[in-house]
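> Sequence:
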Amino acid sequence: MPTESFYKLDSTKRKKIVDAMKKEFSRVPFHEASVNRIVEEAKISKGSFWVYFKSKEEAIEYLIETHLEKERKKSKQIFLKNKGDLFQSYIEIYDYLAKCKINKTEKDLMANIFKNLITNEEKCLHKEPGDNLIEETKHIVNTQNLDLIEDDDLINLMKILNYAMRVNLLDAITKKVTPERARARFVREVQILKKGISK
Numbered sequence: 006m007p008t009e010s011f012y013k014l015d016s017t018k019r020k021k022i023v024d025a026m027k028k029e030f031s032r033v034p035f036h037e038a039s040v041n042r043i044v045e046e047a048k049i050s051k052g053s054f055w056v057y058f059k060s061k062e063e064a065i066e067y068l069i070e071t072h073l074e075k076e077r078k079k080s081k082q083i084f085l086k087n088k089g090d091l092f093q094s095y096i097e098i099y100d101y102l103a104k105c106k107i108n109k110t111e112k113d114l115m116a117n118i119f120k121n122l123i124t125n126e127e128k129c130l131h132k133e134p135g136d137n138l139i140e141e142t143k144h145i146v147n148t149q150n151l152d153l154i155e156d157d158d159l160i161n162l163m164k165i166l167n168y169a170m171r172v173n174l175l176d177a178i179t180k181k182v183t184p185e186r187a188r189a190r191f192v193r194e195v196q197i198l199k200k201g202i203s204k
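Note that the sequence shown covers residues 6 to 204 in the working numbering.
Be careful, since some hints might not be right.
As the list claims (entries may be wrong) - DSSO-like mimics (lysine-lysine), calculated; alpha carbons at most 30 Å apart, straight line:
1) Lys104 with Lys28
2) Lys104 with Lys59
3) Lys13 with Lys86
4) Lys20 with Lys112
5) Lys20 with Lys143
6) Lys13 with Lys28
7) Lys88 with Lys18
8) Lys75 with Lys61
9) Lys88 with Lys61
10) Lys143 with Lys109
11) Lys27 with Lys199
12) Lys143 with Lys28
13) Lys104 with Lys88
14) Lys48 with Lys81
15) Lys20 with Lys88
16) Lys79 with Lys181
17) Lys18 with Lys109
18) Lys181 with Lys78
19) Lys143 with Lys79
20) Lys81 with Lys112
Because the hints were derived from the structure by calculation, they are not lab data.
Between the sequences and the hints, there should be enough to build the whole structure, so can you do that?
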């Protein structure tokens with residue numbers, strides 16, 4: 006995460022840096038992103054960037070965490086509204102994320118972020134994808150109608166739902182499938198998890 010120096014910047018300067026990072030991390034995959042382009046766009050020195058962030062990984066992690074913080078707050082509200090109904094809540098979280106109005110830069114950034122959250126192949130995250138969302142909401146889940154045996158069953162189920170949600174959102178964002186098809190596929194996956202598929 007950023008150093009205290011970053012948070013002490015005035016909001017205008019901080020926004021310029023964040024906007025420059027969004028632009029660069031949306032342009033190319035994480036490993037190809039250039040700190041030189043970020044500092045050039047933000048009109049700061051490279052030395053200043055390293056005062057605010059210890060690494061490029063910290064910079065992208067900050068953007069991801071900022072995005073996920075909004076997602077976590079809304080998800081918690083959805084879980085509470087649905088009285089902890091796990092499956093209905095995930096469908097509503099999906100709908101909320103799918104309907105968020107975003108510009109092209111944010112759309113490309115979201116696609117890159119979702120790719121990282123799904124695969125974490127570039128190891129720019131210190132936590133498993135969705136861990137914070139699970140931590141914030143697992144105590145709200147109504148487990149009365151869930152056949153949970155092991156202590157980790159709920160966490161594992163939520164990880165599967167997170168993964169399915171992000172894959173379908175990514176496919177819709179990157180236009181691999183239509184938004185309607187992606188949503189229908191996710192709803193079907195939720196139904197399979199809820200009811201099972203064995204005869």
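> Take the hints in turn and mark each one as holding or not.
Consistency of the hints with the structure:
1. This hinted pair checks out: Lys104 and Lys28 have alpha carbons roughly 21 Å apart, not beyond 30 Å.
2. At roughly 34 Å between alpha-carbon atoms, Lys104 and Lys59 are farther apart than 30 Å, so this suggested pair is violated.
3. For a cut-off of 30 Å, the pair hint linking Lys13 to Lys86 is broken: about 37 Å separates their Cα positions.
4. Taken as a hint, the Lys20 and Lys112 pair is honoured in the structure, with Cα atoms around 18 Å apart against an allowance of 30 Å.
5. Restraint check for Lys20 and Lys143: the C-alpha separation of about 33 Å exceeds 30 Å, so the hint is violated.
6. Taking the CA atoms of Lys13 and Lys28, the gap is about 22 Å. The hint holds against a cut of 30 Å.
7. Taking the CA atoms of Lys88 and Lys18, the gap is near 42 Å; set against the 30 Å cutoff, the hint is violated.
8. Taken as a hint, the Lys75 and Lys61 pair is honoured in the structure, with Cα atoms around 22 Å apart against an allowance of 30 Å.
9. Using a Cα cut-off of 30 Å, the hinted pair Lys88 and Lys61 is violated, with the two alpha carbons roughly 40 Å apart.
10. Taking the CA atoms of Lys143 and Lys109, the gap is about 33 Å. The hint is violated against a cut of 30 Å.
11. A threshold of 30 Å between alpha carbons decides the hint, and for Lys27 with Lys199 the separation of about 37 Å lies outside it, so the pair is violated.
12. A C-alpha spacing of about 34 Å is found between Lys143 and Lys28, which places the hinted pair above 30 Å, so the restraint is violated.
13. Distance restraint check for Lys104 and Lys88: the Cα-Cα separation of roughly 23 Å lies within the 30 Å cut-off, and the hinted pair is therefore satisfied.
14. Taken as a hint, the Lys48 and Lys81 pair is broken in the structure, with Cα atoms around 38 Å apart against an allowance of 30 Å.
15. Only pairs whose Cα atoms come within 30 Å are accepted, and Lys20 paired with Lys88 is rejected, the gap being roughly 37 Å.
16. Only pairs whose Cα atoms come within 30 Å are accepted, and Lys79 paired with Lys181 is accepted, the gap being roughly 26 Å.
17. This hinted pair checks out: Lys18 and Lys109 have alpha carbons roughly 22 Å apart, not beyond 30 Å.
18. Restraint check for Lys181 and Lys78: satisfied, since their Cα atoms lie roughly 29 Å apart, inside the 30 Å limit.
19. As the CA atoms of Lys143 and Lys79 are separated by approximately 14 Å, the hinted pair is consistent with the 30 Å bound.
20. For the suggested pair Lys81 and Lys112, the alpha carbons sit about 24 Å apart, so the restraint of at most 30 Å is met.
Checked against the numbered hints above, the structure violates hints 2, 3, 5, 7, 9, 10, 11, 12, 14, 15; every other hint is satisfied.
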